[in-house]
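Residue numbers (our numbering), protein chains in the order written: chain A, 1 to 101; chain B, 1 to 164; chain C, 1 to 607; chain D, 1 to 491; chain E, 1 to 474.
To be clear, the hints were calculated from the coordinates, so they are not data collected in a lab. Take the hints with a grain of salt, since some may be wrong.
Cβ-Cβ distance ranges computed for the label pairs, FRET-style [what the hints assert, rightly or not]:
#: 1; chain 1: D; residue 1: Arg27; chain 2: C; residue 2: Ile23; range: 50 to 56 Å
#: 2; chain 1: D; residue 1: Thr199; chain 2: B; residue 2: Ala96; range: 41 to 47 Å
#: 3; chain 1: D; residue 1: Leu454; chain 2: C; residue 2: Glu155; range: 24 to 30 Å
#: 4; chain 1: D; residue 1: Ser68; chain 2: C; residue 2: Ala576; range: 45 to 51 Å
Over the 12 Å line for every Cβ pair with chain C, so calculated as not near, a few chain E residues [as the list claims (entries may be wrong)]:
#: 5; residue: Phe22
#: 6; residue: Ile36
#: 7; residue: Phe219
#: 8; residue: Asn281
#: 9; residue: Ser283
#: 10; residue: Ser344
#: 11; residue: Ala446
Ideal placement from N, C-alpha and C gives every residue a C-beta, glycine not left out.
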Amino acid sequence: MTLEAYLLVGAALFSLGLIGALSHRNLIALLIGIELMMNAASLNLMAFNRFVVTDPTTGQIFVLIIIGLAAAEVAIFLSIILRIYRAYHDIDAEKLTKLSG
Amino acid sequence: MLEQAVIYTFVALVLIGGGLAAFSRQILYAIIGLGISLLGLAGLFLNLGSPFVAAMQVLIYIGGITVAIVFAMMLSIAMSIRPPNPDARKLGFAIACAVIFFGAVAHLIRGAQFQQIASPASEKAWSVGALGHALLTHYNVVFEALSLVLLLAIIGAILIARKA
Amino acid sequence: MDTLSLILLTTISPLACFIIAIIFLVQQPRAAQGLVLFGSAISLLSAIGLLVQGPVEPLRFLWFQSGAIQLQFGFILDGASLMFGVVVAFITACIMLYSVGYMAHDPGKTRYFALLSFFAWSMLSFVYAVDLLQSFIFWELVGLSSFFLIGFWFEKPEAAGAARKAFLMTRVGDVGLFIGILLILQLVSNFDIPSLLDPQTGLSTQVSPGILNAITLLIFIGIMGKSAQFPLHTWLPDAMEGPTPVSALLHSATMVAAGVFLMIRLHPLFMAAQDTALIVLSIATFTAILASTIAMVDTDIKKVLAYSSISQLGFMLMALAAGSLFAGVFHLITHAVFKALLFLCSGIYIHAYHTNSMAEIGRSGGRRLKATTLGLIIGGAALSGVPPLAGFWSKEEIFAQLGHNGFNIYMAGAFLAAFLTAYYTFRMIFLITKPDQAPASDHSHPEPLNMKAPVLILTLGAIVLGFFGSNIAQGLGLIPQHHSVILMISAVGVVILGILIAYFDYGRDNAPRTGFISKIAPLDTLFTNKWYIDDIYRVTIVAITHALSRILHWIENHVLDGNYDRFGLGILRTGAKSTRVQGGWMQLYLGWAIILLAVVALYLGLQ
Amino acid sequence: MPLLSSILLTPVITLIILLLMPQKAVRGIRLICAFSGLLTCVLSLQLWMGYDPTSGGIQFEEIIPWVSAIGISYHLGVDGFGVILVMLNSIVYFTGVLTMWDLEDRVKEYFAFMVLLVIGVFGVFMSLDLFFFFFFYEIAVVPMYPLILIWGSGNRAYAGMKLMLFLLAGSALLFPGLLAIYHHAGLNTFDIIALSAHTFDPQFQIFVYPFIYIGFGVLAGLFPFHGWSPTGHVAAPSAVSMLHAGVLMKLGAFGILTVGIRLLPEGAAYWAPTFVVLAVIGIIYGAYVAMRQTDFKFVIGFSSVSHMGIVLLGLNLAVLGSVAATDALNGAVFQMFAHGIMTALFFSTAGYIYDKSHSKTIADFGGLGAQMPRAVSIFIVAGLCGAGLPGLASFWAELLVFLAALKTYPIAGVIVILGLVLTAVYILRVFNQAFFGAPNPKWENLKAQDMSGLHLIPRAILIAVLVIFGFVPRLMLDLINSTTVAFLGNF
Amino acid sequence: MENAILFAPELICLLMGLVLFFCTVLNRSYRTTRGIAIASGIAMIAACLWTLSLEGEPFFPGIYAVDFFSQLIKTVLAVGFLFVVIASANPLTVDRNGWLEVPLFFIFSTLGMMMMVSATELLTLYVAMELAAYPVYIVVALHRNADIGGESAAKYMVQGMAASAISLYGMSFLFGTYGSTYFSAISIPHAAAHPIFYLGLLLTLAGFFFKLGAFPFHFWAPDTYETAPHPVITFIATVSKIAAIGILCRLLSLAMPGGWESGHAQTALMWASVIAMSLGNLSALAQKDLKRLLGYSTVAHAGYVLLALQTFAEWGLTAALFYAIGYFAMSFACFLVICEIGRSEDRITIDSVSGLYKRAPFLSFTLLIGLFGLIGLPPTVGFVGKWFLFSAALQRGQFYLVLIAAINAAVALYYYLLIIRQLYWVEPATQNTIKPTPLIAVTAMATIILVIAMGTLPGPFWDMAARAARALIS
């Protein structure tokens, strides 16, 4: 598979993630969408790492770090979801519009 | 040929999983979709020459993150199992956005000319050892910072989730 | 004393009195009154001193410089200003003396005397001014003092209204004058009156006749305002709301004569501007007749005298426009004396009987005030032109001039006016001296000495002044016009005719006591309503001004200001709307942001 | 100590002292302000005397580099215009302090804001650096809002807001304009003198000049952007109106002169015919609208629009380069001074009447002349000055401007001179409705409260100034004329 | 060792952060924790000043740069941290359980920001950015009302995560175009992959725009401003803004001397600037909530800064840096007052400051100065700063752009004046006075002095900013 193909897959994945992030009301679904978007970036990095870059360590480390940060991110986000859930027993993103003035 | 088939399978996994994650109205299916997609990605990573990253993807992403999401979902399950009303308008908007974006990016990608290298770097450069070395020399700041972030995330998660 | 100190004494002493009185003596009216009288006396003496010294070269000082313009101030001391200066100072002094009695019980005495002093200063400064702009300044200040004096009893709305009317109408004229002066300045960058009038290098040699006509016409507009000529004359009758001495001083003898005096000053220019002279002549003649006709039917003694002043001012301007400087000056001086006299007499009547109506005064026993009635009759006769009183001589001079220059139509007008003058004057005299019913009882107090004295002095003046015609002419360096006997006889005839008709209408026993004009109803209505001129103003100029101001006020509030406010509110509303767009559904933002990015990226890619 | 900095620092130091003084020391605060006002007057007088009118150039210059990297320097200096305007500000400042002597509410803050305003005004009149010019310009505008809001009357919140929005909208036009001048010259300096030596591209001048003109013009009451001014005047306390109409509006005209005309002469000449029309409309329009106002201060406010129109007219005529340019500019500057003093007198007196009666409605009064003869007399003097009566300072100014107008645009000249009648109409209307006629028994109690003693001092000073310059215009014209000649020599 | 000195501010920050961490573990009182945090703030400032003039690369070459620019920003960040900790004397709006950790999160976030401005490599930058962001997500969530905190944190975080994902995606293209993550490599123009490069750049910048709260990623700002606990929002509005402007300067400086400067990037930034300031100001007009209003106003101010940055010139950079420092002081003045008056109130509306003049004269004066600064009136830094920003844009001849900005500034006047009106004119609802502690009074005084000093004597500050800008470009 060529670089271009990988990139297109990445773009598709990103777009799917976007749909997830934009269309869902559930906070967890939003999170999933965003994770897909980040993974699309990872795929791109890996593909470039393979086809373009002479020293392949950078891309890999980049992806590893992304994975690590995603873990941290998810941890925080899920705890926030739990906090909201405690308060509301609901995790509907649209209910959150109550805040905006 | 077989190799190609495997790759396409992975690609299919990525896209199908992604589709499931994106379009499913049931959170559980979405999580499963995410898992599938990540699995496919791990396969692609493997194919791109990095077994270590692929392994990490499986371990942390699928093994850690996805499972954490499942737990979170189960903790808040009382509400989330009720299927939310489908909102066609919202979905349509999301799809439109995604399509436009995809169109634009795809167009650009097809038009771009990357200076591709003739052949992949040596095995040594791809090795885990090289990775570890770079992580501890070249990217030591990043590594330290990442650990700090993880520490903070743990503290934060505990604090936030703690019952008042 | 040298000329400079004399002239300074003449002009500055009233000013000094004014300042001291208004600042320090508000609580001491008697002191203020004494001071002002004293100042006026000094002023009069110095003016006489100047006159005795005779004409000298003008004195000039640099006033300021701006660009190409250099303005001077100074004093012009030729025959006209010297004589008129003495007249002004003299009449002012008389009237101040008279006012001591007339205003004895007024609470605003200090203000009154201070203002009189202020008037004396500005009027004298105007008379002696060497620079046209200087003249204008004092011309305006004279107007200002007139404004304050007319409105002296400002608690009376009529007085306040009259003051405003006077100020505004003269202001209209002043604008014309101002433009005229500025035109002169523009053309020759010089305001010095003697050099403007210089036959070799003066204004008339530098500009085309058309422009000269325009300039003199504009100046004449100012004169019209100040000297109450048609159509700017209506303020003067109203101005009679002021105290009577003020009417005597300002609105007959001196201030209104300032316009005439300005024309005297600039006489050569007017003579050079043929068309203007003709226009002036026409307007003056018309005014003389117009005012006389109104005087014929008015019942208020001061109004009658006011209209008479207008008409006499018309006479003076006629003389000047017809080309005789001497006739104008002569009539100006004699008129000043006898009209002041008449006003003072009327003042005594009003003071004594608290009424302005001639018939009422007569009924209340006006003729019992002997000195006053004498003054009234002498002054009236002088006004009518009964020989050999002052008015006869000066009016003769005017007729002579008109006849000499062949202005026959205007002369006919003048005769008509003279006839009417005689008629309405004697109508007034008869109404007062021969009342329709005998006065019930005499409850009037006799005129006090300080009021009687000025009357007597002026009566004397009205009798003898006519014989000084040649001296005046000499002072001006002119030769009087030769009088034709026919003209003189016919003039006297006209006067006598007027007196006779007045006698027939009012004087004889069982007279009808209505004017002959009442038999011609339309004219009677016209005259009684003062030719409807005020009404015409009310429905035209006043109404237009009000309408315009209303329209612009509306524009200000609704178009300009309103739109600014609307604009501001619009922005606020947009703000509220923009927040509403941003509120809520947070994924929408993200979507739009992505679309935006995509479009930009695509745009870049397609380039 | 350099003179200009001393004048500028006097209020600055006063401000600092004020801020350090306790709230309660009302008397001390007043005395300090009065003293500082007097000191500025004395220093301004020294400036006036020390200025050598024969050369007509910039004198008393002081330069300290400020941000040298981009060419900002603290550059002070005055020409003849500056001298008289500094004097004007000192007089109004001093008399303004005296006018507000009786203030009881938040005295310290009031005077602090007022002094800040004064600092700004002084700064503008002295600055020869675009940055500082604008800096002080904005400083002068800022305190208006709290002053109106806290101590004002009537619809003050609205008025204050409107005023600030208008003025800062004007600044919004100025901002790009001033900076464009700087960058277009490419000299890396904001120094006005240095910039004036540079010849700007005519196209550029034509483009930028309207921004400068309208930007400053808003503050100068330029029709049709004058709406803030009457409203603001009405709501402001009297000393603020004094400073505002008396001095602040002059900033706008001074800005047009110093920045617009000095730096962009060709642009100014290109636009002058248009702006002459606006100025003439402003003069007439202001007079007409003033005729229908029911509030003293509104009348004065619109009269300011009309009178400032004369200044603007003069400025525009001056740039047309005709023979009358000198007269026009002389007249405009003279009018700035005369109008400043006159309006100060107007507002201080109207304010006094308002303070005692709490009414500003003309129709409420009637025959007030019998009840408060002194206050009314002073008001009448101011009114007559407004009507352009000779013998008071503004006559000369109007004379010179009208003369130039008549020379350059005869029709415009005739129209504005006819405006004199309109001015008389609305002034007399006020006199007749409020001061003459039968006294209103409602105000009998005011009889005991007529102006006296201390209250008369500031008004007497202002009247004296009006009369002195009314009869001896030379005192001022000698000073301005040489400057004008030098200024117009640049064209 | 030399490297350690170059890294001293971050090192001290890290060490003090660990000390604070142990404090929380040992469960000492909030007073102690705060005391330590203040001490660490002072130590950080000292370290920053010590290293102010140093230059070098403490780690692997190309990853991390210490220069005048970075140290200047770090100094301001350290000052900001100190001030915010002082201001959070009574974080009553924060969950009582989380009090102790608040300084801890602040200090780590500050550390992340410090690293951000020194990072010269994409990956480092990215990690530093997340290090700066996560603690803030956490403290936002730590509102004493779980529902408010959770909601606002979730919103904030979703936007933040999406932005980082987009940013990452963009970085991947940059990486692909150049095969390197070093800025030094990226700054060289690359003709072949031109369009895709722009895509990468745009997406990357989008992430940073989120940080700056600039259009189009500003939507989180008002909501978060309104609902986050006062000390937290003080931190977000002051410290993180500095870092954001710093990093934008760093990124855009790549474009400068013969770099990929181009009409496109400029056009995009220009539009972003115009829309940000207009939208921010217009929306602020309609606000009643004070913090929300300031949130929109931040958006507008970001627009002003972009106005200078889009010039891609030294002048613009200098002006932006100058304004960043000034903006820090001005907005801190406002938020300090909000922290003080709103100790126990969740919402600070405009009415909350009614008649504050009577209740707390000094605080209201502080707020007044802050607002004057934000309006852009002399003698505050707001005026001078705007002068510089607009001047920078005009250097490029963007007359109309400056006109729009200036008109925006005039529109903004309205809502700021409304606050001032409430402050000084309206009668207070309660009479209880607020007396700031001496420490807070001193801080407020220092802020006022900074605002006015920068406004009246801008010379030294400008020179510093110019030096920093030169350090960036060279």
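Cross-check of the supplied hints:
| no. | hint | result |
| --- | --- | --- |
| 1 | Arg27/D <-> Ile23/C: 50 to 56 Å | 29 Å, violated |
| 2 | Thr199/D <-> Ala96/B: 41 to 47 Å | 57 Å, violated |
| 3 | Leu454/D <-> Glu155/C: 24 to 30 Å | 29 Å, holds |
| 4 | Ser68/D <-> Ala576/C: 45 to 51 Å | 46 Å, holds |
| 5 | Phe22 | 38 Å, holds |
| 6 | Ile36 | 37 Å, holds |
| 7 | Phe219 | 4 Å, violated |
| 8 | Asn281 | 8 Å, violated |
| 9 | Ser283 | 5 Å, violated |
| 10 | Ser344 | 27 Å, holds |
| 11 | Ala446 | 34 Å, holds |
In summary, the structure is inconsistent with hints 1, 2, 7, 8, 9 from the numbered list given earlier, while agreeing with the others.
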